[in-house]
Structure formats: structure tokens, C-alpha cells
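With the hints as constraints, model all of the structure from the sequences given.
Below, each chain spelled out in residue letters.
Protein chains: 2
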Amino acid sequence: MEFLVIFTICLITIENVLCLPVEMPTASYLQQRAQIVNGEANMKVGGSIQLSAREQQVNRILMAAKTKEINSSRTVNGPLFLPSIHFFHGKGLIEKSEVFRIIKAMPKGGALHLHDCSMADITWLVKTVTYMDHCYMCTDQNNHIQFHFFQTPPSNPGCPWKLIATERQTAPNTEQFDQMLYNSMSLIVPDPVKTYPTIDVVWKEFLRILDVANGLINYAPVFGKYFYESLKEFHEDNVQYLETRALLPVVYNLDGSTIDNRTWVMETYKQNLDQFLKDYPDFTGARIIRSGLRFVKTSDVLQQVKESIAMLQQYPQVFAGYDLVGQEDPGTPLIDYLGALLYPSQQNIKLPYFFHAGETNWEGTPTDNNLIDAVLLNTSRIGHGYALTKHPETMRLVKNKGIAVEVNPISNQVLKLVDDLRNHPAASLIAQGFPVVISADDPSVWGARGLSYDFYMAFMGLAGADADLAMLKKLAINSLEYSALSPSEKMSAIYRWQYKWEQFIEKTLGNELHPLPFIGRY
Amino acid sequence: MEFLVIFTICLITIENVLCLPVEMPTASYLQQRAQIVNGEANMKVGGSIQLSAREQQVNRILMAAKTKEINSSRTVNGPLFLPSIHFFHGKGLIEKSEVFRIIKAMPKGGALHLHDCSMADITWLVKTVTYMDHCYMCTDQNNHIQFHFFQTPPSNPGCPWKLIATERQTAPNTEQFDQMLYNSMSLIVPDPVKTYPTIDVVWKEFLRILDVANGLINYAPVFGKYFYESLKEFHEDNVQYLETRALLPVVYNLDGSTIDNRTWVMETYKQNLDQFLKDYPDFTGARIIRSGLRFVKTSDVLQQVKESIAMLQQYPQVFAGYDLVGQEDPGTPLIDYLGALLYPSQQNIKLPYFFHAGETNWEGTPTDNNLIDAVLLNTSRIGHGYALTKHPETMRLVKNKGIAVEVNPISNQVLKLVDDLRNHPAASLIAQGFPVVISADDPSVWGARGLSYDFYMAFMGLAGADADLAMLKKLAINSLEYSALSPSEKMSAIYRWQYKWEQFIEKTLGNELHPLPFIGRY
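Protein chains in written order, with UniProt numbering: chain W, 1 to 522; chain G, 1 to 522.
Simulated from the structure, these hints should not be mistaken for laboratory data.
The list treats identical chains as interchangeable, and a pair is accepted whether it falls inside one copy or across any two copies.
Distance condition first, Cα-Cα at most 30 Å in a straight line; then the derived BS3-like pairs of lysine-lysine:
hint, residue 1, residue 2
1, Lys-194, Lys-91
2, Lys-194, Lys-96
3, Lys-500, Lys-104
4, Lys-297, Lys-68
So this is what it looks like as C-alpha cells:
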């Protein structure tokens with residue numbers, strides 16, 4: 001008696017289940033294929049994460065929403081895929097996304113790449129700060145607004161100061177008036193492609209509007225409140241920790257005197273952070289990265305580096321290190337500051353660097369090579385690293401040294417490096433399992449808030465259709481693991497985040513929240 | 001007596017010469033930096049090429065032009081960088097570029113990724129074919145034109161046939177009339193971003209207009225002439241060799257009868273190629289890659305594979321292998337055709353494959369995974385491979401197996417994968433020294449001609465500011481090395497190309513051309 005045994009082998013792809021009768025070549029083909037598919041799945045960010053049974057339940061909800069959204073955009077005449085269109089046009093639609101809703105609720109860990117004067121929603125500046133006493137505005141001949149607090153405004157013929165309270169009262173419509181103030185500090189326009197044809201045009205406007213907001217932020221009584229508000233908004237967005245690049249600017253008083261004192265600024269940050277941590281015990285902390293402008297002399301950079309060394313000793317719980325900021329292409333390349341930037345290592349002093357590098361599309365230029373210098377100067381992380389995939393040797397070093405790449409998807413789109421975020425080079429870094437963290441750069445100026453919009457873009461646009469909760473979880477863990485926290489602080493931060501994560505899992509599954517017990521911070 | 005010796009070390013970047021006094025940390029820093037910079041320079045496509053003294057002279061001319069063009073776009077309010085804007089808007093400006101002029105004159109080797117019905121300038125179809133006897137057109141209710149040759153046109157109520165000769169005569173303006181005919185077969189529109197908002201919209205129109213041209217091309221007396229004209233245009237553009245994907249379509253006669261006979265098509269290709277090689281002894285040759293549509297049943301693919309095996313034996317000097325074409329995203333993934341595509345290897349027969357794969361932005365989908373199947377099916381080259389950088393394991397295999405990636409920059413831009421070509425993933429492949437070849441895909445439909453426009457885009461947009469003549473030379477050599485020619489044919493083709501290359505070098509330096517001696521073809 002003989003049996004005819006027919007084996008079949010089934011291959012499950014995202015859209016099909018394919019079963020084939022086993023003939024050896026086919027079977028061995030499918031085996032090889034599965035090895036590659038699995039190898040790539042394991043390699044990508046989150047590939048090593050094993051989801052628990054409860055997490056898998058949440059993952060099914062998340063992936064059903066993600067797949068639905070992607071598939072609807074893949075049908076002819078379906079809605080545009082949101083990471084492929086300009087954020088100014090997509091923002092309202094993102095807010096309707098089920099994936100976005102889940103991401104908002106998710107504890108996202110740390111936001112590691114932010115800037116001091118573009119973290120908090122401009123609405124807060126308008127609705128709170130411009131309603132404060134003594135707040136003046138003026139409108140120049142280009143119809144550009146400026147803000148300043150004065151006891152008595154000086155004569156300013158090109159742009160005469162007017163008390164906002166009076167202006168608002170006499171305006172035909174208060175909401176429209178406030179919207180005009182909002183617009184004066186925002187990049188948002190109806191047709192960004194036409195308004196900002198090149199990177200230089202958008203950067204010029206970007207720097208101009210930041211300066212408008214600084215008229216409000218750099219008023220001494222506002223300065224600390226702005227930082228507190230920023231912490232509050234990120235906390236509301238389920239972010240547990242924050243690092244911000246800070247220029248430590250000169251601030252001004254009502255009487256026109258100025259405080260050109262970086263210790264005052266650091267003290268103000270520290271006091272507001274301490275207060276915030278008291279008010280929100282579930283928040284983990286924040287760090288300041290002192291940032292010089294990449295347009296100054298080497299001697300100025302050296303001075304800043306020396307000050308930073310002192311600050312690191314003075315504020316070990318608040319100060320993280322040093323960076324250089326500003327539009328990278330026209331800026332001075334890092335190599336030209338070498339004399340200053342090598343100073344700490346030559347003195348055997350440790351000053352962590354967090355260099356912006358490779359935020360450019362101009363391959364083969366000095367800007368582009370900032371990536372090499374950032375790595376050789378032992379940067380802790382790289383800000384943007386947009387050009388990294390064009391530097392194979394530098395990529396190897398970044399991976400081997402475990403240097404995290406701070407990816408800011410919406411920033412790179414609005415500031416004209418890439419239109420369709422599926423073409424963002426971080427897609428390749430994520431696929432290759434690089435230590436990537438997602439951040440928001442300057443969320444206020446493009447109308448984002450917190451970290452969720454950028455996480456949405458990363459999850460939908462930078463990662464594939466098959467990237468799931470494991471990737472989101474890994475991105476959150478990365479953001480604490482690659483933070484400026486000390487090893488023991490990181491352990492505590494991750495432990496506290498893990499607790500929130502479990503709450504998120506249960507809440508998503510419709511279970512009641514446990515009350516948050518006291519967990520020591522660090 | 002003592003000497004104080006001060007060493008200095010100088011670092012030459014593209015824009016600066018930086019000299020520093022040698023202190024050991026700085027010196028060792030600069031040494032490490034130079035290692036990385038040189039390592040990356042050597043790794044990229046062309047990095048291993050040593051230019052001769054004469055080539056270096058040409059390189060200086062080329063790089064002066066390139067640097068000037070890039071630097072002018074890097075100044076605020078400078079002209080837009082041409083690879084960053086849509087080809088429809090940039091084409092006229094490219095034609096004024098000195099870099100483009102040099103590239104046009106350069107022998108570029110082979111064009112390895114083309115399609116049968118979109119190789120020759122539409123102007124030729126209009127100015128030659130529509131002027132032939134018996135050529136009819138009709139305009140349907142959507143204002144779409146169709147072409148057909150008839151002895152006597154049949155009644156066609158929805159789109160009544162009219163003799164073009166008469167229409168042209170009665171038109172108020174012949175040039176405008178001919179331009180209208182041109183437009184009916186072209187994707188060119190004044191505002192491509194508005195007209196083609198998504199990849200699906202542009203592909204639908206693309207396939208429609210190809211079909212319009214096929215009304216002229218698939219007329220039996222035109223069919224071979226179109227191929228001859230294509231060879232001529234590429235030859236004029238200093239291309240020495242050509243491979244084209246071909247559907248081997250049904251052609252029609254004047255009396256309405258059809259020739260559903262792929263041997264007739266292959267014979268027609270062969271005869272026209274033979275004639276062309278006789279008329280242009282300096283041309284190296286051409287090959288046909290039989291292409292099925294990725295929308296048919298597996299049994300049809302199997303039939304085509306079997307026919308291809310037969311053709312490879314029948315036309316070893318003309319036939320190269322098999323591929324599947326059509327818009328990849330909605331098409332059947334390769335894995336679903338596995339039964340058919342494994343047939344040759346299961347029969348121990350060698351049929352070279354040249355699969356289109358990964359021409360998509362949809363990561364993590366079956367289309368995206370076509371890359372894996374193409375590699376496992378031992379494809380000789382990959383058509384597009386746009387998604388390759390999101391597949392690290394597949395990348396490794398592609399590099400190890402020496403599978404060339406056929407990059408078609410303008411096609412990927414016009415067909416909506418990427419806007420700014422500096423964001424094209426091939427930039428990363430070029431930086432990593434992958435075997436890349438540059439081709440033109442369907443130049444006719446976007447108004448390109450030959451290979452030079454795509455070479456310009458690759459040189460200016462996919463490669464860095466520092467990529468020079470060595471890269472162009474390597475791209476030309478790659479195009480022969482990774483062709484479907486046999487090893488001995490390749491040797492001969494490269495030898496013949498080398499001769500043209502030397503002529504190009506001398507001519508660029510203003511020296512007289514040597515007459516071309518007879519060199520055996522292969």
C-alpha cells in the first residue's frame with residue numbers, strides 16, 4: 001500500500017495568501033525568500049521587539065486603522081496619502097486619522113530635538129502673552145508685525161508702537177485680530193509651494209517670524225512661562241521628557257533694561273522646570289543644549305564652549321551640552337570651528353555635543369561634510385542627519401558608535417528638503433535599524449503641537465505599511481535611551497515610561513486606568 | 001642651537017583651504033577625517049577610476065561648468081537648481097547648460113532601460129508618420145485623438161475617422177495642427193503638478209497616450225522604421241548600444257488585417273537593426289527584452305516565458321531575455337507568477353530576466369517585495385529598483401551578485417515618485433558604489449531625446465557637487481559591462497567605446513578628430 005503525500009507551502013503576504021504545491025525548487029525558493037523577508041523585518045527599528053499578548057491586541061487595532069488608511073489612498077481617486085502632501089494641507093486631515101488618535105494617546109518618551117523659541121503653540125503667545133499689560137505691536141512698511149513690552153514705548157517712525165489692548169478693542173473683530181497676530185509668527189500660508197519656492201526663501205521667512213515671536217518670548221516675565229507652557233504642551237501630548245537647543249538669549253525688562261546673563265536664563269529654566277516637575281509628578285525632566293549660531297567667529301564659539309563646560313558643572317540636572325544652529329548651507333562648516341570644538345578633548349574635559357549636521361540636499365559640499373566632523377567630534381546625537389545616506393563610511397561609524405539620528409519629518413518637509421515623506425532618507429535608516437529618534441524641531445511655526453504629528457508622519461510615511469506597534473514602542477524607548485540622561489536616570493525614565501505604556505495598552509483595550517503610583521524620578 | 005619647527009597641515013575642501021598648526025590631536029583628527037573623506041570618495045561610482053592627464057584637463061572644464069551652475073543655484077535668489085524642478089519646466093534651461101553640452105558630446109555607452117513605443121521623439125511620428133498616405137485621425141468626446149492607417153476607414157460614430165492630410169490642409173495653421181498631434185501623444189502640460197496630482201492619475205494618462213502613439217507605430221510599414229529612428233536618435237546622442245523592453249505587439253496592415261506573429265516582429269527588429277548597423281558602422285548593437293504585462297494570468301506568463309526561451313535560441317544576437325512591465329503598484333506581484341517564472345530553472349534552461357522591481361513609494365507592500373523576488377529569480381538587472389534602499393538584505397544581495405540597477409531619473413520624477421532628484425534613492429546607491437546604470441525609460445513622452453537629459457540629471461542631481469568625469473566614465477562603462485552582451489561582445493563594445501571616449505576627450509580639448517578606423521564589432 002502506498003500513499004501519495006502532497007505537501008503545500010503557504011506564504012502569507014500583506015494582501016494574499018499564496019499556497020503552492022511543494023516541488024523542491026519552489027520550496028527552497030520560498031524558504032530563501034522567507035529568510036530575506038524575516039531578516040529585513042528583524043533588522044528594522046522595532047524588529048527586535050516582541051509584543052506581549054495585550055500589546056498584540058492593541059497592535060491589531062492600530063494596524064487595522066493603518067491598513068485602512070493606506071489602502072484607501074492606494075485606490076484610484078482615493079484620498080491623497082497624508083505624508084505625501086504638504087503638512088499645511090494635511091494637518092486637518094491627520095487630526096481625523098484613527099492612527100493619529102492612537103499615537104496621541106501613546107506615551108512617546110522624549111522629544112530630543114526642539115528649539116527654545118518654537119516649542120509652544122503660537123496660540124498661547126497670542127491668547128495669553130499679547131493679552132498681558134504693556135504689550136505693544138507695530139506694523140512696518142512690509143506689513144510685518146513686531147512685538148515688544150514697554151512701560152512707555154519709544155518713538156519708532158518706521159514702525160510706530162501701538163498698545164495691543166487698544167488695537168484689539170478698536171478692531172472690528174477680535175478673533176480676526178488675534179488670527180492676524182498668530183499669522184505674524186507662523187509660516188502657515190495657503191499655498192506654501194508658491195510662497196516658498198526654495199529652501200533659502202523659506203528659511204529667510206522662518207528666521208524672520210521666529211524673531212517676531214522673540215519680541216514676546218524674550219520679555220523677562222514671559223521667558224520662563226514660555227518654557228513652562230512648552231513642557232505643558234508636550235506633557236499633554238504624552239511626552240515624558242524634553243531636550244531643547246537654547247540660544248540663552250539676552251532678555252529685556254519692562255523699563256527697557258536688558259539681562260545679558262546666561263546664568264539668569266539657566267536659573268529661569270531650572271526654576272520653571274522644578275515647578276513643572278512639582279506640578280506634574282509624572283513628568284520625567286528636561287535638558288538644555290546650549291546652541292551657538294553657526295555664523296559667528298571661532299573665538300566666539302570657543303567662548304561658548306568654555307561657558308558650556310562651566311554650565312555642565314553648575315547645572316548637571318538641566319544642562320546637557322553644546323550645538324551650533326541656524327541654516328546649515330550658508331553657515332560656517334564645523335571644520336572651520338575645529339580649533340574651538342576640539343578644545344574640551346584637548347583639555348581632557350568631557351562636553352557632550354549634539355550637532356546639527358547634514359540638514360542639506362547639497363551633496364559633496366562643506367555643509368554635507370559636517371556629518372563627518374560631527375561624528376569625529378564624538379557628537380552624542382546628530383540633528384537631522386538628512387544627508388547621512390549619501391555617506392556610507394560615516395553611516396557605518398554612526399551605527400557602530402550608536403549615535404542617534406534626530407529625525408524631524410515635518411520640519412524637513414516645511415523647510416523644503418523633501419515633499420513626499422516616503423522619500424525621506426530616514427526611511428532607509430529605519431529599515432536598516434539605525435538608532436533613530438523622532439522629534440518636532442519647531443512645531444509652533446507650522447502649527448503642530450507636541451510630538452504626535454511627527455510620530456504620525458514617521459509611522460505612516462517613513463516606515464512601511466507593515467511597520468507596527470513594535471516600531472512605535474522602539475522609537476519611544478530610543479528617545480529615552482539616546483537622551484542626555486545618565487545611565488541610572490535612563491533606567492528610571494524607561495521604568496516610568498513603561499508604566500505609562502502599560503496604562504496606554506490597557507486604556508486602548510477599554511480597561512480602566514490604574515491610578516499612577518509614586519515612582520521615584522531619578 | 002635649537003630650531004623651533006612649526007608644522008602646518010592644510011585641508012582642501014571644495015570651497016576652502018584650511019591650514020592649521022599641527023598639534024597632535026588636531027593632526028590626528030585631520031588624518032582620520034581625510035581617511036573618511038577619501039574612503040567615501042573611493043567607494044562611490046567612479047571612485048576607482050584614475051583619469052589620465054588629458055582626461056583631467058577635460059575634467060577641469062567640466063567641473064568648472066558644474067561648480068558654476070551649482071554655486072549660482074546656491075546663492076539666494078539664484079536660478080532654481082534644475083534637478084530639483086519638474087523636467088517640463090527645466091528642459092529648456094538644461095539645454096542651455098554647459099554641463100549638458102559636454103554630456104551630449106560624451107559617448108555614453110548603452111541605454112539599457114527603454115520601451116519599444118516611447119524611444120523616438122514624437123516629432124518624428126508627427127512630421128514623418130502622420131504625413132504618410134492613408135493616415136487617419138479621430139477625436140472622441142473627451143477631445144482625445146486616435147490614429148490609424150486605413151485604405152477606407154470604417155464607420156466609427158463615437159470618433160469619426162478623418163484623413164489627416166485633409167484636416168491639416170484645412171487647418172488655419174499647420175504648425176499648430178502638428179503641435180496638437182504632438183500633444184496628443186505627450187505627457188507635457190503647462191502645470192504637471194496640478195494636472196497629475198497622484199501616481200495613479202499620471203500613469204493612467206501615460207498609458208493612454210502610449211496607446212495613441214501605438215495607432216501610428218503598430219502600422220506594419222511604420223513599425224520597423226520607428227525602431228530604426230529610435231536607434232538613430234540614440235546614436236545621434238552618442239549612445240553606442242541599446243536594449244529595449246518590447247511587448248512584441250500585434251501589428252496591422254492597411255487592409256485591416258493583422259499580424260499576430262511575434263516572429264514577424266522579431267524579424268522586423270532584426271532587419272532594421274542589421275540595416276542600421278550597415279548604415280552606422282560605429283554603432284555597436286541592440287537587444288530586445290520580451291516584456292509581458294503584469295496583469296495577465298500565470299498561464300500567459302508561462303507561455304511568454306516558453307516563447308522567450310525559443311526566441312533566445314532563434315535570435316541570439318538580438319534577443320536578450322524576459323521582463324514584466326506596466327504600473328507596478330496595481331500589478332500582479334512577481335511572487336504570484338512564481339510557477340511560471342521558475343519554469344526555466346526547473347527545466348535547467350537559462351533565460352535571463354530583467355525585472356522591473358520596486359518602482360514604488362509604497363514600502364512594505366507586495367509591490368515593494370518584488371525586489372526580493374527579482375533578486376531570487378536571478379534577475380540580470382533591476383528596472384528602477386526605486387525602493388531598494390528600504391531593503392537592506394536585498395541591497396546586500398544586489399551588490400554581492402553584481403546586479404545592476406537601471407536608474408531612470410526623469411521617468412521617476414515625471415511619473416510621480418520624487419520631485420527633487422537630490423532625494424532620489426539612487427543618490428545613496430551611487431555613493432555606495434552600487435552597479436548603477438542610467439537610462440531614459442520613455443523619453444519621448446516627456447520630450448526628452450536620447451540619454452543625455454537623464455545623464456545630466458544623474459550627474460547634477462543624483463551625484464554630489466564633487467562627482468566628476470570619473471563618475472560619468474564609469475556610468476558609461478557600467479552600461480556596457482552590465483548589458484546583455486556576451487563577455488567577448490562586451491570586450492569589443494568597451495574597446496569601441498574607449499576609442500570614441502578618446503575622440504571625445506581630444507575634441508573637448510579642441511584637437512582634431514582622428515577618422516574612425518574600422519574596428520570589428522563582435
